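Student: The residues making up each chain are set out below.
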Amino acid sequence: MSKSIRALHIRHVDAGSCNGCEQELTALTSGYYDIQRHGIDLVASPRHADALLVTGPVTDTMALAVKKVWEAIPSPKLRIAFGDCALGCGVFQNGYASEGGVKEADLEIPGCPPEPEMALPILRDWMRTHRSGQKAYSEIAPDSQSAV
Amino acid sequence: MSTSWQMRNTEQKGLNHELLALTANRHGNLLASWLNPLDGRQLFLELEVSNGSFPSLASVMPEVAWDEREINDLFGWIPTGHPDLRPLVRTERWPQGFFPLRSLSEPPNWRDVEPDLPSLKVEGEGVTIMKVGPTHAGVIESGHFVFSLMGENVLYLDAHLFQNHRGIEALLETKSVNEVAPLVARVCAADTVSNQTNWALAVEQLAGFAQPPGLVRKRIILLEAERILSHLNDLAQIPAGVGFQVAHQRALAMKESWQRSLKSLYGHRFLFDTVLPGWARSAPSEAVLDAVGKLRSLWVPWRQLVRGHHGFRNRIKGVGVTPLERVVRLGAQGVAARAAGKPFDARQSLPWYRETFQGAVTQGSGDVGARFRVRLEEVEAAMQLIEEAAVRLRETDCQEEEFSLPRELSGRAVTFTESPHGMNVHDVTVAEGRISRYHIRSGTYRNWPLLAQAVAGNAVADFPLINKSFELCYSCNDR
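Protein chains in written order, with the working numbering: chain Y, 64 to 211; chain P, 6 to 484.
Just chain P, with the same shape it has in the complex:
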């Protein structure tokens, strides 16, 4: 059985299929879902947990090392043969036998100890350990990093995340389908439209609702508007990492201008609560086109500024390199993967995007500079996608079929979109109108281990720069 589970999954990996998600449900099943990126077809694999354990895939497929540790923490099922089974989500404070996704019970009696976990460090003469976080000097999310250093250079980085773990999946599993949307919209401010769309697609798939063209175009505008917003934020942070304040402040100003446009178009600066099953918020096409035009007038001179700055270009070259082979092995997603030359963008696997999407933007060098340039190209492509969708939306019949939610919705759907941080996946099971399992696998999740490896070998002073070039989320990672 063990070999067949391993074989079936590694076969998928060997076919260059993308792992959508690996999780479990409380009935004792492991659920793996795979995507064929060429035709968008999905393949589901299941394995029954026996005697509280299951054969680990991590030694042959390192990309699931975290997923299996998470299953171990939250379900209490042991991945046999896992090379590093330290706790990932749970801390010393969690009571023994408390497995929140296995059985929903009363809030736990937390143990009265510190939440710190043992970390992996390098030992030896001249090695120093530098701990950073969970609180930081800047205004950022919480995470704890343990660096092993030799002089200025990073030998090893052990990232302890999940400081922001609230128990969102278990909370969703107490909800009826009518109550899900506001929670899903707030899992991550940077990827909110992507999360909202995944939930809407799941319900629509289970209800057998085919999205009319107008709805699709409204969603494309929102998804691309979110990509622009998130990329502008990240593009602002990278110059800050090397002290290029002019580029930093001007990009922040651009972001603010875009957020004000979004507020006036859609009523929210981050686009919370703009997509529901069967629905998406719309704005007049003319106003959308005006907003893009206004952004472009700020964007073009800014892009010239960063392109023409040799010092900046030199500084972001060759830093935080991720070889393509490592990207593939760790199943990395999004900008980080494309910057190393992996030509995958989930939009190309979505039939409703294929009409307008021009293809994945790739680079080859896998360094900070490559991640910067991929975002530059993607912002420009997103502006075009919005303009095209807005023009087409103008020609769309506004009387579209209305969606009505079936009363006793049941079934399982795995849905995905390309969020600004990579392929974002929801694995949703609904039973008679209530959520029985809700798993969120964000693009960020697969990239944290890659970031940790990208830092090793660099000067520790470059960690902020490398970190900003990935700009990974904590909230949707920690849930």
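Isolated chain Y, as found in the complex:
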């Protein structure tokens, strides 16, 4: 196995999704796609995570929760925007209580919702490129914010 393959543990936060993105993320963990086989997993705590994955256009009420989860992930860390709403090109981004998506995402996975068949290679290829060791991911992670 190439040394470029390193684990990527993802913490998911729903910030105003329609539940389509959540269902497709769950599908990624099912036997058909089995993302764990690629060293990718969705974890239950931000303390165990390398990346934050946000779905939805980021509602005003969830914005603080998203920030807190981000701060609780140990550095270096990455942000993933999953689905058109989080990318800022969904249909609800102009709702009055919607922030219009994730700012400064390191990886964007488009789709409404992203189909697992499309999302899986994007995640896998991105992990291989950016976590290979040649490009230290401190470069792509913002200044390490101290965890709360």
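Don't read these hints as lab results, they were simulated from the structure. Incorrect hints may appear among the rest.
Unchecked claim - The calculated label-pair distances, taken between Cβ atoms and stated as ranges, are: (1) Y/167 <-> P/133: 35 to 41 Å; (2) P/315 <-> Y/107: 27 to 33 Å; (3) Y/131 <-> P/41: 46 to 52 Å; (4) Y/131 <-> P/180: 33 to 39 Å; (5) Y/130 <-> P/316: 41 to 47 Å; (6) Y/127 <-> P/19: 22 to 28 Å; (7) Y/134 <-> P/248: 31 to 37 Å.
This structure is a prediction, so every number in the text was calculated from the model and none was measured. Think of the CB as a built atom: it goes at the ideal place given N, C-alpha and C, for glycine as much as any other residue.
Position chain P against the provided structure of chain Y, taking the given hints into account.
Tutor: Same frame as chain Y, but now just chain P:
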């Protein structure tokens, strides 16, 4: 006036009519709509708000407690005499005087405070408070739950939802009728066809368009395909709640297989953008029948697996019980209501469904097991409905009358369908081709208060199981 508003509404409730929706419009009118489930007739009640308030119905009709709190939050009209007028949708961050459905203005300047709201808790010796959410350990939607516990047992659950509130109704009210469909399709991934159909029915009703039989059959196939998809998801989650992994994974695999069929038949794994006014996406009948056949070949052995597992059946018995009396009082809908013995399914009140619909599937025990079994029966009934509709569609004349959207569409229509989560209602007002009011009352909305009550008295470790047996949405609830 107060008594007459109360009397007129409680009279409807007393006649066993179903409340379609209770909302308001920015002109200062409260709008209640009722359905006679036997003949499908609707009754509209209106009340003018006076001095910024209106008489609350919540004390005599607890099912509208949330609707009135929502009106209080979004319109700023006060339901006088409401027993619990805490904010429901708005948070501490909302600026004073910002009532987004009363006047559409610039985006608000949110206050720089935490969004947390005061919660209702039990106090006393030995009571512990457990807060869960809004983010969760699993991949699910966001909601905040405050449990009051005595040891292992739940005394009281205060559910704080609306974390996902985006302001969809206000956003829809800036749109022309041509722009509505993609938004409505994305209000809820689990109930998308139901939402799309409600919008289409509203436009068609206002335009005086009678749906030809082919269009009706295409829609029945899509609506039932969505019911199967959503029920498969929920049927997969219930075994997961008791650690029955084989049943869980096999049901997820079944769901995936069905989604792949939907993708190849209709181009989308959740059926987004498949229904428009005057139109529904169609697939060749043979391909539809093949897809159902393929699903059935996975379904039959899975159903035998869960039916034959005594441990599983025991585990889902007597947990999260909802007595019928409470279901009726809270106006609960869908699977949760039918599992407690309420024989209502909105399909029986829709003339275009009546031809094939076999009647509501009911159980009596109102526990997790009953909700599981209602879904089992409904999946099988849905497979039959699809097959029947596909066969009939083959015999339908494919040259059907085309729909053309009138340029200056105006009027109000209240439309409904039975979504996988219960009766889903849209109350739509259009003025000269633009939306002036768009209210969405999902099936889920009426069931959240019921879920909170169903949890009390159970072990807190059973909350995930009970929650999954309701499998309520957040997105279409929060909007």
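Student: Now tell me if each hint is right for this structure.
Tutor: Verification of the supplied hints:
no.: 1; hint: Y/167 <-> P/133: 35 to 41 Å; verdict: holds, 39 Å
no.: 2; hint: P/315 <-> Y/107: 27 to 33 Å; verdict: holds, 31 Å
no.: 3; hint: Y/131 <-> P/41: 46 to 52 Å; verdict: holds, 49 Å
no.: 4; hint: Y/131 <-> P/180: 33 to 39 Å; verdict: holds, 34 Å
no.: 5; hint: Y/130 <-> P/316: 41 to 47 Å; verdict: holds, 43 Å
no.: 6; hint: Y/127 <-> P/19: 22 to 28 Å; verdict: violated, 45 Å
no.: 7; hint: Y/134 <-> P/248: 31 to 37 Å; verdict: holds, 33 Å
Hint compliance for this structure: hint 6 is the single one not met.
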